[in-house]
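Participant: Full structure from sequences and hints, please.
Those sequence lines, one after another, are chains A and B.
Residues in the first sequence are numbered consecutively from 258, following this note's numbering.
Residues in the second sequence are numbered consecutively from 338, following this note's numbering.
FYI, nobody ran anything at the bench for these hints, they're computed from the structure.
No experiment lies behind these values; they were computed from the predicted model shown.
All C-beta atoms in this analysis are idealised placements derived from N, C-alpha and C, irrespective of residue type, glycine included.
Label-pair restraints from in silico Cβ distances:
id: 1; chain 1: A; residue 1: Q420; chain 2: B; residue 2: D348; range: 14 to 20 Å
id: 2; chain 1: A; residue 1: G544; chain 2: B; residue 2: S391; range: 47 to 53 Å
id: 3; chain 1: B; residue 1: L483; chain 2: A; residue 2: Q420; range: 23 to 29 Å
id: 4; chain 1: A; residue 1: R560; chain 2: B; residue 2: A371; range: 34 to 40 Å
id: 5; chain 1: A; residue 1: E344; chain 2: B; residue 2: A397; range: 41 to 47 Å
id: 6; chain 1: A; residue 1: R560; chain 2: B; residue 2: Q383; range: 29 to 35 Å
id: 7; chain 1: B; residue 1: N418; chain 2: A; residue 2: P303; range: 35 to 41 Å
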Amino acid sequence: MAASLQKGIGVLKEVIDAPIASYFSSCVHCGLCAEACLFYTETGDPQYTPIHKLEPLRRVYRQEYTLMGRLAKLLGLSKPVTDDELEAWKPLVYDSCTLCGRCSLACPVGNDLVYMVRKFREGMAVSGHAPDGLVGASTRAVEIGSPMGVRLPAVQAQMKHVQQETGIDIPLDAEGAEYMVLMSSMEVINFPEYLGAIARIMKQAGKSWTLCSDAFEATNSGIQIGVSDIAKVLVQRIVDGAEKLKVKTVISPECGHAYTALRWEGPNLIGHPYTFKVLHILEVLDGFRAQGLLKTAGFEEARLTFHDPCQLVRRGGVIEEPRNLLKLVANNVVEMRDAGKMNWCCGGGGGVSAIEEAETLRLEAFKIKKAQLEECGATTMVTACANCRIVLEEGLEHYRMNIPVVGLTETIADHLVEGE
Amino acid sequence: MAINNDKDFKDALGKLSRERQRRVGALFAERVLALSHDDKVRIAVQAARRADASETELGAALQAAQAASVDSYTQCGHECNWDTQAGHFVAESVLASINPPDGGANAAWEAAMHARMARTCEAISAGRGTDNAEPGAQYRILEDFLNS
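Facilitator: So this is what it looks like as structure tokens:
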């Protein structure tokens, strides 16, 4: 479908549902959402106030769904939303919003601002105002199966590499396995140690698991760009794979938005409940811990802190699980200010790290993470999102902070008592 | 001592001192150095393989390798260029030899694995499947190192 302003405005009218209408009508203009957004706090620029990022959507709401707004439109007192305006809003809707959801938690009247931005992106994409980086990622996700262009032979190459390194077979398309493990392209490309860690943990826990050749990719760029049709196709691919292999549980990898897309938005996107459970890898590992299936030895020497990925804590409530797991392998853990459900975003979520034009602003916003780290004095940062990990490493490198960033799953695997 | 499998290879590496692990790890990185186009990686390899490298030189090498590693990550949502990604793992290889994540117990093994991953990326890029001769070459490097 060719993009056009007319179609985009049509979509904006469609996405204004009862919640969005109530959010706009109940906003008290208090400005607290500004103080919750790292792009505002680190730049001081009022254009990054979350509710302001939604101004074109608000105008469509007023012009179409309020009496005064309709009258004003009829009398020519309210200007229509234009292509130029949507293009001008692109950096506000995409570059400076990671869909982290902190503004939604801060809003005193309960407005889910991140839901509104997500819906606004639907109109932006249809009107042709989505960033090129996200358009490319979404196209590759649909056509190739991965937003980063990873094909099955590359996954098989990594499987072989991990088999060599660990001496453990990596199952592919094993029907009836208890767990189907998904990966993000980031893990296939940048972090092969994640798959190795899964293999070692599953072996020790005595669990059956498999990768799926038709659905190895967990990420969902349809959610990031704001095209529900694409998001639905990508979720359906995983559902089909899981049902074909008759697995009991699908494990979402160390990727924030993949978890939100699959666990929380997926059933609504495809229109029916799953026949299997969806858990984040940290939920699975903490379950293993509680059952006594993780036998570990030794403790990390570094002073660790855990960076909570936004989608895990604010959309999924996965807060205690990583801390329970860290206690297995570390006895010198410090919390950053605002850790947990109000943790500050790495600055690269929601598709921002795929947008090259956003890099300068992203590094500016990273100053909040820098401050958190300086205050707590951690010497190593642990996280559970491959995108966070790279964004954090880039920020730390930019600000010349020598703090390694590691994944929690591989950290646990490094302490397993193996060979028993 | 002839080394013909990964178990013997890993065991032999594990018995080396931290300093010798760094040097042989750098040799693994050096073998795949042509896959990197970043001068920072070359500088780091040259320092890491020397027995007489000072703490200052190793500190500079660590910074260079770290910067090269971060520079060469494939960002989330960007299309992967497997040739460039091979360069990333060369940087990771030398980085592991200088500053292993686990404190040094398996520095050379980590460096070897990253070097193999670099070669795997090259094979993916060339569409050559997944076989590569890197393990055998690494066994020979270690044998020569132990006999030198």
